[in-house]
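**Q** Spelled out from the first residue to the last, the chains are:
Protein chains: 2
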Amino acid sequence: MIKNTYNWGIIGLGNIAHLFAQGLKHVPQARLCAVASRSMEKAKKFAMKYDVPHYYGSYEEILDNAELDIVYVATPHHLHHRVSLMCMQKHISVLCEKPVAMNRRQAEEMVKAAETYHVFFMEALWSRFLPHIRKVKDFVDNGTVSDIRLLEADFGFRAPFDPQKRIFNNQLGGGSLLDVGIYPVFLSYLLLGVPQKIEAEANIGKTNVDEICSMNMSYASGAMATLLSSITCKTKTQAMIYGSNARLEIESPWYAPSHLTLRKYEDNDDEEFRFNYDNIGNGYTFEIVEVMRSMERTQQQSSLWSWQDSLELMGILDKIREACGIHYDIK
Amino acid sequence: MIKNTYNWGIIGLGNIAHLFAQGLKHVPQARLCAVASRSMEKAKKFAMKYDVPHYYGSYEEILDNAELDIVYVATPHHLHHRVSLMCMQKHISVLCEKPVAMNRRQAEEMVKAAETYHVFFMEALWSRFLPHIRKVKDFVDNGTVSDIRLLEADFGFRAPFDPQKRIFNNQLGGGSLLDVGIYPVFLSYLLLGVPQKIEAEANIGKTNVDEICSMNMSYASGAMATLLSSITCKTKTQAMIYGSNARLEIESPWYAPSHLTLRKYEDNDDEEFRFNYDNIGNGYTFEIVEVMRSMERTQQQSSLWSWQDSLELMGILDKIREACGIHYDIK
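Here the protein sequences line up with chains R and H, keeping their order.
FYI, UniProt numbering numbers position 104 of the first sequence as 104, with every residue one higher than the one before it.
FYI, UniProt numbering numbers position 152 of the second sequence as 152, with every residue one higher than the one before it.
To be clear, the hints were calculated from the coordinates, so they are not data collected in a lab.
No experiment lies behind these values; they were computed from the predicted model shown.
Take the hints with a grain of salt, since some may be wrong.
Heads up, the list lumps identical chains together, so a pair's fine if it works in one copy or across two of them.
Below, a list of computed lysine-lysine pairs in the DSS-like style, where the Cα atoms sit at most 30 Å apart [what the hints assert, rightly or not]:
1) Lys206 to Lys264
2) Lys319 to Lys197
3) Lys135 to Lys25
4) Lys165 to Lys264
So here's chain R without its partners, still in its complex pose (with noise of 0.2 Å):
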């Protein structure tokens, strides 16, 4: 239960800060205080829509504002680590946008702001609170699928070439791996762990982003993971789990609420579970209601998706760049 009502802020106003404005409205302890865009207009705009008292032109203003308890920072990618500093700072909390930043050594600056100023933080990496995810990640805890030794996920989407678009920017960290890529990343990493090796290779596109990475990780335990994105390519964007006694498939597409099935090699029998909203709002709500939930047991981070997880998962997004020559042109 959560007791206390809190103060939001949402910091860059894109497609996905109008989804996470609909996740706040189905928690009743969370509160649309304020709202900023660089650009005024859009702020006011965004604020009717969502009857927000406070709006702001500009991403420093808004920290003033005295009732702020946490931030959405929704921003593109290259300015989660400057925007977040900012706002820890200033003694708000945040939820960052995934990827948390564009490097580990950013990532880590993060999380010694949120030590030193003694504020939650948290990476806005939705799909972990998802109840399909938790399902999956308990059945590998459990033992119903034990042993993995191969685990395949992909995130592809077409995006018409458009060298404007942020995607397609190198300077706003575009590519396929930070975007969606990412999400493979994790569900590898959620149920894996650190690989030992990491191999990936990369189709760069015209504007010098990754249109393709597909990648490959080797672990400890002698599991493998094939890993694949794109933004040029709509993939199946299912996720496979191919244990010693159990297989699991998240059926497409895999990151949002979906459909499982566990076959049991033993029995030859498929079990089959199927996950939806319908009882609290959109796919953003579960990570709200996290976040609020450790707020108000004073936790500085989520135990389901901690600084270390963050960190971690940055370090495989960063090893896996300098595997297939991501670079970003970024100042």
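Dock chain H against chain R, hints included.
**A** For chain H alone, kept in the frame of chain R given last:
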């Protein structure tokens, strides 16, 4: 049209020899004249079942049968080279089961023998001759699917662990790569040619064979292929081909007559094509017809799957083994 009757022999009477004998029955100009196994009992039983006039309890004796035009070599992989050479030295043509040899060096010797002894010689890469694979090749050749960006293909089945089985026996060339991995590698070779760069990772099991093999190919065109094989995980066994103008899906099991879905991006329409065997025997009949048609034209090799194709495929398999540390302990 095939005018002559060709007398076929089969050496090695395992499962695939049965399927092949059934396939032969559908081609009126093919006569199954002799079969050989290392077990006389097995040879006799096979001969009874398929009305074969001559049967032998050794691989050597069958070669003295003066009627034989061509032998189908269906032994375990590690004997393909030796048995094929034996046949060709007796001026008997050879259709040799895939993989044509254990490595490219052996395959080169086999091609050399075909040249020396002026016989027909072909790798039994049966999928190449199937109507749906020809259609896929046509779509790529005629630009219906142009500028391939990504190809995904896998073939994995789950064999219960048994160190006595050929598939788990390193000395018989067991493991996933040569048994089923060859199919996705074949598809990528057929559509994209020889890769510029190969990365591969294998899970090597207790009996020192690759139980999982994950492969990543990069091509000079910028295309990528991600391929997977396994003998411990029943994978989706689908193939997806992503061009810049269209996407082509070959439904599971993609290596056998199947269902194709072509999605042209510009009009967002799906075209579907369904293929089956009903018009001509089983899957093996198509390669049998190709062999006899080529022999009828006094060709020593097929134009659909040439010596060069076998050599290049074998060369790619060698590089995959090197990349992921698969070694066969074969004298």
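**Q** Run every hint past the structure and note whether it holds.
**A** Going down the list of hints, with the structure as the test:
With identical chains, the CA atoms of lysine 206 and lysine 264 are at most 30 Å apart between copies only, with a shortest distance of 23 Å across copies and 46 Å within one. Taking CA atoms no more than 30 Å apart as the test, lysine 319 paired with lysine 197 passes in both settings, with 9 Å inside one copy and 19 Å between copies. Taking identical chains as interchangeable, the C-alpha atoms of lysine 135 and lysine 25 lie at most 30 Å apart only when both belong to the same chain, with a minimum of 25 Å there against 52 Å between chains. In this assembly of identical chains, the alpha carbons of lysine 165 and lysine 264 lie at most 30 Å apart only when taken from different copies (23 Å versus 45 Å within one copy).
In the structure shown, no violation is registered for any of the earlier numbered hints.
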